[in-house]
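Chemist: Residue-level listing of the chains:
Number of protein chains: 2
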Amino acid sequence: MRVLGLMSGTSADGIDVALARVTGKGKKLRAQLEDFCTVPYPSEVRRAVLRIANAGPNRILSVAEISQLNFVLGELAADAIQRACRRFSVSLKRIDLIGSHGQTVYHRGRRGRFLGRQAASTLQLGEAAVIAERTGRPVVANFRPRDMAAGGQGAPLVPFVDYLLYRHPRRGRAALNIGGIANVTLIPPLASPGEVLAFDTGPGNMVVDGVIERATGGRQKFDRAGSLAARGRPREKVLRRLLRHPYFRRHPPKSAGREQFGGKYVDKVMSLLKGASTADKARTATELTVLSIRDAFDRFVPERMGIREVILGGGGVRNKFLVQRLCEVLPALNFIPAGELGVDEKAKEAFAFAVLAYQTWNGEPGALPSATGARHKVVLGCIVPGGKNQLSTA
Amino acid sequence: MRVLGLMSGTSADGIDVALARVTGKGKKLRAQLEDFCTVPYPSEVRRAVLRIANAGPNRILSVAEISQLNFVLGELAADAIQRACRRFSVSLKRIDLIGSHGQTVYHRGRRGRFLGRQAASTLQLGEAAVIAERTGRPVVANFRPRDMAAGGQGAPLVPFVDYLLYRHPRRGRAALNIGGIANVTLIPPLASPGEVLAFDTGPGNMVVDGVIERATGGRQKFDRAGSLAARGRPREKVLRRLLRHPYFRRHPPKSAGREQFGGKYVDKVMSLLKGASTADKARTATELTVLSIRDAFDRFVPERMGIREVILGGGGVRNKFLVQRLCEVLPALNFIPAGELGVDEKAKEAFAFAVLAYQTWNGEPGALPSATGARHKVVLGCIVPGGKNQLSTA
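Keeping their order, the protein sequence lines are chains V and B.
Here the numbering used here is used: the first residue of the first sequence is 22, the next is one more, and so on.
Here the numbering used here is used: the first residue of the second sequence is 22, the next is one more, and so on.
Bound-form chain V, shown alone:
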């Protein structure tokens, strides 16, 4: 099957589109990335998404805004598919299935009291019915709620795909993905799905980007190649304090997001770093990511897993200084860019939702209970039937 995977990350830059070819089932499942591109959001859409998502639980907005944004993001996803197909030189008619993650605007992995019930919840926008109607192809969407209904955190989901891609007969491997949040998947040699462990280690680029943006008054959105951090020195006292965040000590399974490391947290970091140079601020924020990842390996990766290789993916890989620091603080591990094993790091998540859509389409489970904390394996998401192609694609 030729499957498109769509992902819109927490940074709300746009829509990643991966073209995958997937065949087989179970242990014989094979998935290959054929092409990839990113279609940016219009700036007003990005602002609207961030305003809704990047906020505490008491943010004020209107239900109209959420409902309308859901449909507009569906239209933008359909546009992105059309543009991607043109760029990939593949006709939409030759696409068998679409997997669309959507744009997360809320995620609460752990249950809390609400209206007299215990509830965790998650909310992704980007109406799949709009995508199916515009493209005429069946769409699998809403991947996270089912795992949460089964007691899981609905995240991380990519580990299942890491497992499929990276399991090795003799080598223990960790897949480390550095997006806004950093997550790791631990795959012992010859692992069965139940032996895989995965969790979010904490901030990836989220805090670094936030600090850079504020320290430069918005002139820079991120630390290109880590050049700022490379020139700075970490504020040790601040760093020690930041590393005492209770999230870092919590045992997996666990997942993190803007709730822990979003705007409010960046405010706190900025106030602790008051008076420091921009380079020192960048360095301290970068060290927070680096050392929280190191601590996660020290605390939660048992020796018996035999992890020797780390496959490195996500946008954070472009931060050369961050990668260099990771190699320094975890000297026993061999770091390999994800691209070298077949899937470019940028394309990883979008590719994952193509594979997960394929699983759902075939009635196969798509989450690792050992990663999400669910009570059992579940088939993820919902299926929107295809139909006549309503796009005027060439």
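A couple of the hints might just be wrong.
Said to hold, decoys possible - Below, computed lysine-lysine pairings styled on DSSO-like, alpha-carbon distance capped at 30 Å:
id: 1; chain 1: B; residue 1: K258; chain 2: B; residue 2: K341
id: 2; chain 1: V; residue 1: K367; chain 2: V; residue 2: K295
id: 3; chain 1: B; residue 1: K114; chain 2: V; residue 2: K46
id: 4; chain 1: V; residue 1: K367; chain 2: V; residue 2: K258
id: 5; chain 1: V; residue 1: K114; chain 2: B; residue 2: K46
id: 6; chain 1: V; residue 1: K242; chain 2: V; residue 2: K341
Stated by the list, open to error - If you want the ones that stay clear, here's a sample from chain B, every Cβ over 12 Å from chain V, calculated:
id: 7; residue: A99
id: 8; residue: H189
id: 9; residue: L351
To be verified - If the Cβ cut is set under 8 Å, some of the chain B residues that face chain V in the computed set are:
id: 10; residue: C58
id: 11; residue: T59
id: 12; residue: P63
id: 13; residue: A69
id: 14; residue: I87
id: 15; residue: E96
id: 16; residue: A150
id: 17; residue: P406
It should be emphasised that the hints constitute simulated quantities derived from the structure, not laboratory data.
By construction, the Cβ of each residue, glycine as well, lies at the ideal position given by its N, Cα and C atoms.
Please build the complex by placing chain B on the supplied structure of chain V, with the hints as guidance.
Modeler: Below, chain B alone, put in the same frame as chain V:
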């Protein structure tokens, strides 16, 4: 197939559950209501739903609230299914499929500008993944968006089921459903789906209930059997003014909701009726429903449709005075309670979503473009796979 249909109306009282047996396909499709019950919402849930739904577009709330409510309503729907199955004395294992409409918290049938795009949208809460996980049965949900993606208003959807139930070889029939909003489906003799016309006429019980609740300071929620209205006299001048609402003149297809006739509109009606007795207020609001329905028949039902019978459904049927007035103002039509033709009026909408789920499950369209205004027929909704039964049903 044995299919459960779930509906939560705009009044947010609770969840209607219908048990239907559906067989065949196309012209041979046969659907029968086997049982029905209503499971009320806890009062705090009802309040939360009304607070979110019964509000203008600038209502302030949090995305957390919407996300959490979505999951809690999913849990409540699963509970309602469990209770209904016990009451119906049918094991959940013998249910083949569930159709869940969910709780509408926003509906904008006509397109408007949003973030630089034209968008209509709708938002139903009651996470289907939770229902599927708790019951182990496949769930069809999110019925409205696909029709809207195809240019329709996403409503009304019940007309398709009216058409299946009530088409007659010689008689032209209208199915009039009086819920919060009143809607009518016009089915000429021997009609094909394309010849059916359906639209919302305007307020059903929504304005009457709102007026009664305010006029009695909350002691009464509705006019039982219409006894208050029966004792009152209509304020003719106010009535004429209310009947000039532009909605009544707009040509079908059209759909109405709280946006037009909700709390704000009731405020206006109350201020126009200032000084009138409670009975006169009740009577005037009741006449608004009655005369707006009469006007709709006069304006939009062409003689060539040969409509002679009106099949009357919805909670408004219990308002005897309202029904009596309808018979008086439309003397040429023969009024028949929906219950007499096989489906109890209370059960109608829930039953409809069982039939529509069956259609989707079989890859068949479930909306009438002539009713919704869509450019073409579409398969409605999305399908959440079943799984192991996770309920501890007896």
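Chemist: Indicate, hint by hint, whether the structure satisfies it.
Modeler: Now for the hints, and whether the structure bears them out:
no., hint, in the structure
1, K258(B) <-> K341(B), "holds, 25 Å"
2, K367(V) <-> K295(V), "violated, 34 Å"
3, K114(B) <-> K46(V), "holds, 28 Å"
4, K367(V) <-> K258(V), "violated, 34 Å"
5, K114(V) <-> K46(B), "holds, 28 Å"
6, K242(V) <-> K341(V), "holds, 16 Å"
7, A99, "violated, 9 Å"
8, H189, "holds, 31 Å"
9, L351, "holds, 36 Å"
10, C58, "violated, 21 Å"
11, T59, "violated, 19 Å"
12, P63, "holds, 6 Å"
13, A69, "holds, 6 Å"
14, I87, "holds, 6 Å"
15, E96, "holds, 6 Å"
16, A150, "holds, 4 Å"
17, P406, "holds, 5 Å"
Hints 2, 4, 7, 10 and 11, counting from the list given before, are not met by this structure.
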